[in-house]
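A.B. asks: Assemble the complex: chain A is given as a structure, and chains B, C and D with the ligands must be docked to it using the hints.
This is what each chain is made of:
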Amino acid sequence: MPENRQPAEAVNPLEVRDLSVCYRGVHGEWAPVVEEIGFAIGPGEALGLLGESGCGKTTTALAIPGLLPANGRVVRGSVRLDGRELVGLSERQLEGVRGAGIGLVAQEPALALNPVIRVGEQVAEVVRVHRRLPWRRCREEAARALAEMGFADPGRIFASYPHQLSGGERQRVTIARALVCQPPVVIADEPTASLDTAVSVEILALLRDLVERHRLALLLISHDPRVLAAIAGRVVVMRAGRIVEQGPREEVFRQPRHPYTESLLRRLTPPTPTDGADPGSGEPLLLDVRGLRKTYTLRRPFGAKRAVDALAGVDLAVGASARLALVGRSGSGKSTLVRCLALLEEPDGGEIRLGGQDLVALPRRQRAAVRPGLQLVFQDPAAALNPRFSALDAVEEPMRLQKMEDRRQRALELMEQVGLPPALASRPVPRLSGGQKRRLLLARALATRPRVLFLDEPFTGLDLPLQTQIAALLLDLQASYRFALVLVSHDLDLAGSLAGEVAVLDGGRIVERAAPADLLRRPRHPASRELVDAARTLQGKMDGVVE
Amino acid sequence: MIRGVITRGVITSRRVSLALAAGFLALLYLGALGAGFLAPYGFDEQDREHTYAPPVRLRFRDGGGRLHLRPFLYIGVEKPGAPGVYEEDRARAFPVRFLVPAPPGRTGARVRLFGVEEPARIFLLGTDRFGRDQLSRLLYGARISLFSGLLAAGLAVALGLLAGAVAGFRGGWLDQVLMRTSELFLALPWLYLLLAVRAVLPLDLAPSGSFLLLVAVLGAVGWARPARLVRGAVLSARGRDYVLAAQGFGGSDGYVLRRHVLPQAVGVALTQLALLVPQYVLAEVAMSFLGLGVAEPVPSWGTMLAELERYDVLISYQWMLWPAVLLTGVVLSYHTLAEHIRERLQAGEV
Amino acid sequence: MRYVASRLGYGLLLLLGVSILSFLLADLSPGDATAEMRLNPRISPGAVAALRVRYGLDRPLPVRYVRWLRSVASGELGWSVAFDAPVGPLLWRRAGNTLVLAVTAMILAWIVAVPAGVWAAARQGSWGDRLGLAASAVLLAVSELVLALLGLALAASTGLLPAGGMASLDYDALGGWGRARDLAAHLALPAVVLALSAFPVVHRHVRAAVAEALESPFVQAARGNGIPRRRLLWRHALPAAAKPLVSLLGLSIAGLLSGSVLVEVILSWPGLGPLLLQAILARDLHVVVGAILLSSVFLVLGNLVADLLLYWVDPRVRGT
Amino acid sequence: GSPATQPAGGAAKADDGPRRGGRVVAALGSEPRTFNPVTAADGASLSVIQAMTANLVHIDRQDQEAKPALAERWTVDDGGRRYTLVLRPALRFSDGHPATADDVVFSFQVYLDEKIDSPQRDLLIVGGQPIQVRRIDDRTVEFRLAEPYGVAERLFDGFAILPRHLLEAAYKAGTLADAWGTDTPPAKMAGLGPFRLRERRAGERLVLERNPFYWKKDKPYLDELVFLTVPNADAQAVRFQAGELDVVDRLSAESFDRLSRGGARRGYQLTDAGPGLDLNFLFFNQNDLGNRRLPELRRRQGWFRQTAFRQAVSAAIDRGSLVHVVYRGRATPLNSHETPGSHWLNKTLPPPRYAPDEARRLLRQAGFSWDAAGALHDPAGERVGFTLLVVAGNTERGPMATLIQEDLRKIGMDVRIAALELQAVLDRLFTSYDYDACVLGLDGGDADPNPSMSILLSDGSHHFWGLTHGGPPAPWEAEIDRLMKTQIAERDPAQRRRLYDRVQEIVMEQRPLIALVTPNVLVGAKAGLGNLRPAVLDDHLLWNVEELYWRQR
Ligand SMILES: Nc1ncnc2c1ncn2[C@@H]1O[C@H](COP(=O)(O)OP(=O)(O)OP(=O)(O)O)[C@@H](O)[C@H]1O
Ligand SMILES: Nc1ncnc2c1ncn2[C@@H]1O[C@H](COP(=O)(O)OP(=O)(O)OP(=O)(O)O)[C@@H](O)[C@H]1O
Ligand SMILES: [Mg+2]
Ligand SMILES: [Mg+2]
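Residue numbers (the working numbering), protein chains in the order written: chain A, 1 to 547; chain B, 1001 to 1350; chain C, 2001 to 2320; chain D, 3001 to 3553.
Only chain A is shown next, with the shape it has when bound in the complex:
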């Protein structure tokens, strides 16, 4: 089936044939997850892998360098790197391949970095291991790789520990780590998932540049057709572990042969809510934030302290049934803001008034009582779910804590609503796909009836049909239970379609508030303008392909 466009005599950097992977379930039974897939990537080629959440994309990516989890196994097929068979190699042989021959950008940056080692060293050690350069040189290489990732302050990032970085920053570090040795083959699993459009565009440009200049073979996994459209020459579409369609980008995007493919390409706009209120319309204020500040200090062993003003005086008002979107560059303080508002982080100054009561000044015990009313969907699903829980446990937990009835029933219903089949209910959390974890997180948040629901990048890693489905669900629930919705998103389109108002965060301050349409049409602040431009560029790529 795979039609090889390379001349027959040239060896492809990466060739996958007839690959099948199985996972062993909790009861010891083996279930196929990837079946008989095959593709080849030539030098200087970027192959896009598109597919719905849970179809086996990550499994494929992990199987190639032999990194399947303990309960996974390649049952059939071959993987060739520059003609060398990888399936069946010893761990030691594979060590030499990984990082140097194949760079892997894993899907979950939250867990991909060692919490007790500075990230700079984690990048540098890859150089050290493969190139055996002196440490000083390795660090230089690492600093260079980090600098390419569009950080405003690469020095600080270099010396930070993972927990001191924002989600997007962590993701960029993992990309830098995969690329630092300039491997001939790179596998990138949702590399831009939690990046804002501006940075995404930069990174994609970088990748494309690498592909072209270094004749890199890139396997790019994404649910976002725009991302694929930006660089992938060919696209493979996967469904339930099998390849349903494969071909040049234009072909697949313009005339998908399969209705499944088509569904993955179109975002259906969710029905615009009827009572979409914006705070200006005289609705009672629910949340009133004044001058919120949060400063992190970085200590170096023998160096000066450095302060990072994650929030530098944020003022924000949210109505009782508002739908507010927060957008901003990666590292602009979005997550910090919502974490502070959900009372999960202690702000350094300012006020958070909920119905007139200042929550910052409340004693610990009373604050705990307020908390269930303010729910946050975390940015990193993998970190926000207890790895020891099963899927069902995770969804049931808040209901159990709030002593709700019919928990199991409701939990299963909620899972169904976010597209998780009941078969997954007993699965331990670490054995879910990235998108499945994300959905689990959403289901868990929806199980409670908060007064304010904060969603931190809730749609990353989800395919378009799911995004639509969940957006509709959210609006539905808001209509019936009336709560305020604060959405952090780097996807301006999505934010626009869901929110009644958009606030742009930059450098820890809110620099602009506007109706979505206004913002898209006439961004006033430079930061806003940058975001809008980036979104246009990306969309333009897609449009270019499709038109």
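These are calculated hints, taken from the structure and not from any lab test. Note that the Cβ used here is the ideal one computed from N, Cα and C, for glycine as well. One thing to keep in mind: the hints can contain errors.
Covered, in the sense of this in silico footprint (three residues per stretch, anywhere, with C-beta under 8 Å from a C-beta of chain D), are these stretches of chain B [stated by the list, open to error]:
no.	stretch
1	1017-1025
2	1188-1201
3	1286-1292
4	1304-1312
For each label pair, taking beta carbons as the anchor points, the in silico distance ranges come out as [to be verified]:
no.	chain 1	residue 1	chain 2	residue 2	range
5	C	VAL2305	A	ASP348	23 to 33 Å
6	C	ALA2073	D	ASP3443	39 to 49 Å
7	C	ARG2179	D	ASP3443	31 to 41 Å
8	B	VAL1200	D	ASP3443	23 to 33 Å
9	A	TRP135	C	VAL2004	28 to 38 Å
10	B	ASP1089	D	ALA3375	28 to 38 Å
11	D	GLY3174	C	VAL2305	39 to 49 Å
C.D. replies: Same frame as chain A, now just chains B, C and D with the ligands:
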């Protein structure tokens, strides 16, 4: 995960060792409970003609070379002038008998699994300095040691788990108070406390009383160590997103501790448990020294192991090592079980 | 720094509390420093009573405590009835000897047990691992006293090592190098015995902690970048697993002075052990309290070191 | 007893007399606590002091007779009330300072001083009066006693003569009791013994060197005497075996047997010097409980006060197996409190007999009875049982208690063993009286009846079973009191022996203490050590340390 790759084909052998461990422990506990039936003698029956007698040799072939289905043995006689050297008296063979009636005695058993006709003695594991059957004493001794060791270690680790988790999780003044208390407990002159306690207790303690006392004292003394270790393991848990999330859902501290934080420390706690059980079996000796352990002639593994602390016994009478051998087995088995539990917890299967 | 100072302040309080409790409990427990003399038919009760008066044992508890405090303040650290001498000088030299032994043993134990534990964690279920576990199980099942006796037997039968003591009779005649060799020869046996008895604890904790860390996703991710196994174990898994181990290290430091009593007695090491054992049995209270206080100092220091290290190894905790 | 010396493996060839030089390494179970002869009471200190000091008169450890020492002769007159001792000429302390009668007078002044309260002071009180010491001339001293004292020469054995020039200042300052602690620099100490201190390493060892001013000509032969601190008895045996110690004392029977097996090859010799002076005994608590709330004990004391009960217990104890199991046959069963190691033993007493039937008979006669299960009940129907107090961790008395427990079970008594740490035992024995019976051991001191006084007299300070008595509660106790008090003043040895023989008889009949066994004295030494004559009196090996020498090798 990495392990799965590095260690190949160990799944099945792991099952086997788990089964072995569970089987061994089950046997021991059954043996302890059924000591009255299994032991060929009472734990206090002395045979002063046979002090430090080596294990008897069970024979199947007699002097004439005939093979017997039923094993038999000869009487061992101490060589005159050479204490501790025994020779077999081949004049008469004594076949091993099964399900023999037991003479009335302290132990209250009616029937015993096996025995031999007097004056022969079946000392399968040899005798101690009073000519008491080691096997019987091991079985009866297991009653106290296996239970007290496990209970005391369990108590200490449970207390330690609680204190360490609370301290590491809550931090702040509570952490300070708990950890300073643990230091106090580590520094306390326990010996004097125990002596003072002993002084107010009646002179003859009932075995059940001293058993409970033993467990309580060891547990109370021992919590500080596991507490500090657990605290170390738990310390970073409070910043984890999923812990924050659970608190956000209105999970009380107790709930969050139980469901999210404590499992972090299970590995440490189980390791401590596996380490403390043998230590507490041995600690019983020290307690006996203070008059708080079990008194003669009631056996415990601790007091039996203490015999090894006499140079001549250690050097000369190898069969006195049996309690150490069994305790080693117990340690290994507990460890295997602990390991298994930890793995199951890790995989989220429990 | 403020933190350290406040911890040391707490440490002083602890010492005070422990000393008060020691006096109180010793008062409640039967016997006193002169009781043993009463068993000697050649010593009259009058002489014993006079001794009690001389050492102030007949005074009420608070008076005795205050007297002791005063003597501590003067640097004497109390007065030993048995030796009829100030406690301080009795303790210092012996505590030094104990430290030489205990520190050597601790270093030995950790140097062997940590790599062994890491190695075992990477090869769980292998024969080497099982062998290590079995060995540590044996070590757990026999007391250190038995180990020391076995060491003694070994030394006596092979004649390779001295069977006790800290220095040869002609130690003073030896040169610098000879002295070092002599000390090493005498140190070998007790240090190995102590290290062996500490080995299982460290080994098992390291093994369990590293095994757990190896399961973490970040190790998997590092593996995805081709980090070789050895570096994964030592640079990634071990530091990530270090927290309980650091606590353990603190506890090891805390036990430096008190952990070697029995080994010292069996192998005639001139440390605190024999002195302390004798003092406990003879109710030479000031010596006992002095030794308790000294080892409490190590306890405080050990735990302080552990807590500082805890902050150092885990940046997440450091941040808060 | 006659020492049964094992032949040394080929080492003892033709001996051409004592030679100078060499050192002997001995072990101490604990560190000496002081070098001050006035306050020393523990064994380790006494051992060391013994080598550094000398007495006026010396009791020969082998024939147990008084021999001249610093005093070359003495006369007794005034009916045994006055002793005149003449010192040897030109005595010098180990620092070279001459020793004269002034030093003797000073020494006894110190020992007698109430403020110093030497543990030995009581020995110098005769007939309620302290003895009077007077200087006659430089070499002559006179001692006056208020009453005649049977064995007054023995008084002069236990008191080391102190150097007045070194200690008088401390005495005047009232700090003599604190003088000569273990930290004292060697130069500040001096004695009349064969050795003097050269070096001390705390907790580790003491090195003594030859005293060049020693009064016995040419002696000591050894240049050095080293005491190592080896706290563990097993370790002492092992280090002796390894050749690190030249002599070893108080071996356990197990070590003795084990070491015997390798003796010839290793070049050491072991000596079983026969029964010593140590006494192991059992006694019942007959103390008057006053208003202590111990109802159970009060009831049981009804049995303990019956002679028949005590006799029955004694008859039911199989002393043979105590000897066999606890001492591997290297011990002797006892019927009374005096041991065969002392020549004061009443040899006409029968050896103890294991007679459980006799025990039953005695009990039956006293109204006790047995139920169907064989348990013993007293006339009131109470089950007979008691706790047996024993010092925990003691390797001799502990096993004894276990054996006795089993022996008494056979006659229906329910004995429970309570092993407590020494201090707790002492507290119960001397203060709270809360115990039923106790197995105790006493180190044999002197081979003379007088040290037993405090145990045997009904108002004695160590009359363990009846410390509250303060006087004889029964006629036989009154008789013991009388006999003991008579013998102390008796100067005719034969008459003394008759009196003391009778005491032993009464103790055997009445069993206020039930004597059990006495272990043999087991010692070892390198084969090349000459003049070694192990004795049953302390110090078994080094009592004649000045005469020890290394044979030609
Ligand atoms: N614990 C911390 N210690 C130090 N710096 C921190 C810490 N947490 C966050 N920061 C820094 O604060 C800034 C804001 O972080 P935040 O997570 O709010 O960004 P964000 O807007 O959510 O970005 P992204 O879109 O990448 O998730 C970042 O520069 C980050 O490096
Ligand atoms: N360790 C595991 N054990 C068992 N099943 C697993 C495991 N990991 C993933 N799966 C299942 O295998 C399927 C494929 O997972 P995979 O992670 O490859 O999906 P994906 O295509 O990457 O999805 P997403 O876009 O959501 O990340 C999913 O149904 C998932 O639930
Ligand atoms: Mg995925
Ligand atoms: Mg963020």
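A.B. asks: Next, verify each hint and record whether it holds.
C.D. replies: Do the hints match the structure? See the list:
With 0 residues carrying a beta carbon less than 8 Å from a beta carbon of chain D, the stretch 1017-1025 of chain B misses the three-residue requirement, and the given coverage is violated. Against chain D, the stretch 1188-1201 of chain B contributes 3 residues with a C-beta closer than 8 Å to a partner C-beta. That satisfies the three-residue criterion, and the hint holds. Under the rule that three or more residues need a Cβ within less than 8 Å of chain D, the assignment of the stretch 1286-1292 of chain B holds, with 4 such residues. Check on the stretch 1304-1312 of chain B: 3 of its residues sit with their Cβ under 8 Å from a Cβ of chain D, so the three-residue criterion for coverage holds.
Evaluation of the 23 to 33 Å hint for VAL2305 of chain C and ASP348 of chain A yields a pass: the beta carbon distance comes to about 31 Å. The beta-carbon spacing between ALA2073 of chain C and ASP3443 of chain D, approximately 40 Å, falls within the hinted interval of 39 to 49 Å. For the hinted restraint 31 to 41 Å between ARG2179 of chain C and ASP3443 of chain D, the CB-CB distance of approximately 40 Å keeps it satisfied. At about 31 Å, the beta-carbon gap between VAL1200 of chain B and ASP3443 of chain D stays in the expected band of 23 to 33 Å.
With their beta carbons about 32 Å apart, TRP135 of chain A and VAL2004 of chain C fall inside the hinted range of 28 to 38 Å. The beta-carbon spacing between ASP1089 of chain B and ALA3375 of chain D, approximately 35 Å, falls within the hinted interval of 28 to 38 Å. Between GLY3174 of chain D and VAL2305 of chain C the Cβ separation comes to about 48 Å, which falls inside the hinted range of 39 to 49 Å.
Consistency with the previously given hints fails for number 1 only.
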